[in-house]
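Trainee: The task is simple: from the sequences and hints, build the whole structure.
Protein chains in written order, with our numbering: chain E, 1 to 342; chain R, 1 to 342; chain L, 1 to 342.
It is worth saying that the hints were derived from the structure and are not from the lab. Don't take every hint at face value.
Unchecked claim - Subject to a maximum C-alpha distance of 25 Å in a straight line, what follows is the list of computed DSS-like cross-link-like pairs (lysine-lysine):
1) K194/L to K260/L
2) K2/E to K54/E
3) K335/E to K321/E
4) K335/L to K335/E
5) K293/R to K54/L
6) K85/L to K44/L
7) K45/R to K194/E
8) K321/E to K310/L
9) K293/L to K293/R
Unchecked claim - If you want a taste of the chain R side facing chain L, the calculated C-beta under 8 Å gives, among others:
10) G139
11) F141
12) T214
13) V274
14) N278
15) P305
16) R319
17) L339
Virtual Cβ for every residue (Gly too), placed ideally from N, Cα, C.
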Amino acid sequence: MKMTIAEIALFLGGTVNGADDTIISGVRSIEEAHEGDITFIANKKYLKKLKSAKASAVLVSPETAAEGEGRSLIIVPDPYAALGKLLALFYPLEHGRSGVSPEACIEDGAIVSPEATIFPRAFIGQGAKIGKGTVIYPGVFIGRNSSVGENSILYANVTVYHSCLIGNRVILHSGVVIGGDGFGFASPGRNNTKVPQVGFVQIDDDVEIGANTTVDRAALGRTWIQRNVKIDNLVQIAHNVVIGENSAIAAQVGISGSTKLGRGVMVGGQTGMVGHINIGDHVMIAAGSKIHKDIPAGEMVGGAPQMPLKKALQVEACRSKLPEMRATLNQLVRKMDELQKK
Amino acid sequence: MKMTIAEIALFLGGTVNGADDTIISGVRSIEEAHEGDITFIANKKYLKKLKSAKASAVLVSPETAAEGEGRSLIIVPDPYAALGKLLALFYPLEHGRSGVSPEACIEDGAIVSPEATIFPRAFIGQGAKIGKGTVIYPGVFIGRNSSVGENSILYANVTVYHSCLIGNRVILHSGVVIGGDGFGFASPGRNNTKVPQVGFVQIDDDVEIGANTTVDRAALGRTWIQRNVKIDNLVQIAHNVVIGENSAIAAQVGISGSTKLGRGVMVGGQTGMVGHINIGDHVMIAAGSKIHKDIPAGEMVGGAPQMPLKKALQVEACRSKLPEMRATLNQLVRKMDELQKK
Amino acid sequence: MKMTIAEIALFLGGTVNGADDTIISGVRSIEEAHEGDITFIANKKYLKKLKSAKASAVLVSPETAAEGEGRSLIIVPDPYAALGKLLALFYPLEHGRSGVSPEACIEDGAIVSPEATIFPRAFIGQGAKIGKGTVIYPGVFIGRNSSVGENSILYANVTVYHSCLIGNRVILHSGVVIGGDGFGFASPGRNNTKVPQVGFVQIDDDVEIGANTTVDRAALGRTWIQRNVKIDNLVQIAHNVVIGENSAIAAQVGISGSTKLGRGVMVGGQTGMVGHINIGDHVMIAAGSKIHKDIPAGEMVGGAPQMPLKKALQVEACRSKLPEMRATLNQLVRKMDELQKK
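Mentor: What follows is the structure, given as structure tokens:
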């Protein structure tokens, strides 16, 4: 792919500052870009590297444009979003195959679109449906009566248990497990009597789920990942959880059974949530938090256990002063004793 | 499946309160149940939904029976356990296949019961044994000389390394890895010299292990998951760990090498334990705890690092007061200074 | 394998204390060793078991040799490292196969050494390269244009996405995912616009990665695991992370995007790190830490959020005294009030 700076600006809806006729043939990070490359500044931490950067053009926001004087800049409202569009143009996704491989194992009664791509060694169970444009990599298992919509991608070694629903343009990364049994045992620690998990998992359109994340099937009813939710790697989603649309869940988060997240919730990495609570729309949860009760819409929380984020930061600031506080307290006790003796 | 309320009560050993001749044809959650369904109350949080519930019958405990007056109730000592039995009756588990698929890869010298179910694309190594009634899904790998007992289920893409022992009625969910090398390196951070892991993993009868959980083989001897232990998803069990029978381990817990848990231990999600410690029988550990030393039998602990649970809750209550405590302390210091000047 | 104590000492470069002509035929832990076995003491916790041990020989360090008087000892500087060498000798690793299985799925244009071992059901994509002596187990997926060097082992159900580089003598345990997309979305929580991840993963020689660990491909450029790094199970390595040579990362650690670790860094289990920070050479991080800013070379840190380890331990010691501190503080306030009233 080769485009001039002017053409790229037109494609992105941005404004050029500086020369606009240089030909760009690659997109690289600020450290690695050289002549003929375009790069970007999305995080102010990297502004100091701008001076020595060898890139021929830089995507910047209106706020950082001044720092790039003397260079060819493309000014866009959100350089990171613009980078995304540009990468999709310069480096289109390829799967290297098309069509349904005769070496895939497709059980009788499965309905696979002839316009789907099924790699060798995939397994599609009875009654399962695979829509057109969907790509199923080797080692993927689709259980009986599960369905995958159109233009989705299931990378190698994904497992989808029976009777689950997966929408359109969904991306499941390798090792993802959809629809394993929820952790339901009566008299735990004594009999551990299994409660069969007879529900299912529903994953709506445009969801992306990271490698080795697990989404358990519901005990009854459904575990539900709504439209355009993005989940990172190694996340645990328990039975009957609901995650509202546009939410983003970072790596290694754990969400216990029947907890419900609203829309646009953002959860930092390694956070844990107990079961049966409600997290309101657009809540933001700091990384490493332990959430044990409901959070109203729009709040920012952090800490273990949870507090409003401001409070959590104040508490943390005090925590590091604890040894000094204790020493001061002991001193005061002595002084008080002396005063009282007088 | 269709049964009257009276028949269900007989099956569960419960007592009916109200009409007992209605025919029940489904089991659903309290929000989703409609006429002809039975539902249940196992968590008091859901009692408030009882009034508007459309279910034709409700499983309740003696304590909550009064709240359901005017409805058809089946009173049982443990509604959640009763639900489990009922679900197993109404929705029996099916695998959609039986017999040993000719498309499975079974090496010479493996002994597979003709009464086992082996899906296409499973791999059974030399000297491995698979008992009758066991179901092996696609993508499962059973290493050389490992054995799986009777009536066990290994879901898609489970890996069992060589020389491991898996009992009867064991359930391993997708992505589980049994018998990978323990993390043993001499002079870590410098040479990282690998210490070969030449032991094995033993998993006793009636164990269930959740999706993408890892159980490492012992350095020497065995890593041992005893009878009826239940482990949730994404748990890490290191080399030479022993987990006593009936213990229940929630998601994302990590247990370091050679730590030993007694019987009936319950561990909350995301807890971490150091290596080489002993956790007594029936210990309960709160979610998110960091355990760094032995715990005597029967104790309840929590916190990071661990404390007795009561103490941990007191400490947490104070922690949120830290900014106020610090302000008060500073005020006292000033007052004391003034007093001393006088 | 049978060797005399004298022969073993010679092999290990150790000194014998006591009889040296006994024949040794096995290596076992101190609890399980019996006559004819050699055992070891690497952790002082196990010294008390030495008296009743039935082993015919014991590997000890110069510091613990005195405790073993009257026994046959082999004194070595590092008994754990010596154990590693001995296990490799007594129990050589076997894979039970050699050669390229005709049941493997190797796409046209892949270059597989005839001296590699490829199991049935492995998938090697177009343009991929597999070096001699490398072992590829069933269910492994190697994407287009990825390469694996010589004498590496990829256990069952490992996934390597396209265009990744894996060195020599690398060990990837089952369920490892190399090269899945990094978690990159513009306007997260609102549009969640995907930023294509067009970089790759480079894994240098002698790296070992534990079961179900995930290493994401770079957004641009590379995610880089340098020589001789050892990573435990269920670890998350985000896009563009760099881990310096000889570092050791324990289980369930999460490292966010673009963070860089120096050489010989040791990270305790369940630690989390934010993105875009630098961790200096030979830093040691205690288990369960939350790291949110740079750490200079050679420091020991711990806590959540991080502090120098000594400080963190002091703070923790105070934390458990919080209820008493609060009571004392309240008492002082009352006394002060009384004094001021006088």
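Trainee: Do the alpha carbons of K2/E and K54/E lie within 25 Å of each other, as the hint requires?
Mentor: OK: K2/E and K54/E at ~18 Å, within 25 Å.
Trainee: Let's test the interface hint: is any C-beta of chain L closer than 8 Å to that of F141/R?
Mentor: holds (4 Å)
Trainee: Within a Cα-Cα threshold of 25 Å, do K335/E and K321/E meet the stated pairing?
Mentor: Holds, at about 21 Å.
Trainee: Under the criterion that the straight-line Cα-Cα distance not exceed 25 Å, is the pair K194/L, K260/L satisfied?
Mentor: Distance ~24 Å between K194/L and K260/L Cα, so the pair holds.
Trainee: So, N278/R near chain L? Judge it on the closest CB pair being under 8 Å.
Mentor: violated (11 Å)
Trainee: Mind checking the alpha carbons of K85/L and K44/L for me, to see if they're no more than 25 Å apart?
Mentor: holds (21 Å)
Trainee: For a C-alpha distance cap of 25 Å, please report whether K45/R and K194/E respect it.
Mentor: holds (22 Å)
Trainee: Could you check if G139/R really has its C-beta closer than 8 Å to a C-beta on chain L?
Mentor: holds (6 Å)
Trainee: Going by Cβ atoms only, is L339/R closer than 8 Å to chain L?
Mentor: Given a least distance of 6 Å, the restraint on L339/R holds.
Trainee: Regarding the hint that P305/R lies at the interface with chain L, is the smallest CB-CB distance below 8 Å?
Mentor: The hint holds - P305/R has a Cβ within 8 Å of chain L, the shortest such distance being about 6 Å.
Trainee: Between K293/R and K54/L, does the CA-CA distance stay at or below 25 Å?
Mentor: Between K293/R and K54/L the Cα gap is close to 28 Å, so the pair fails against 25 Å, i.e. violated.
Trainee: Given the hint that K321/E pairs with K310/L, does the C-alpha gap stay at or below 25 Å?
Mentor: Cα-Cα ~13 Å, so holds.
Checked against the numbered hints listed earlier, the structure breaks hints 5, 9 and 14; every other hint is satisfied.
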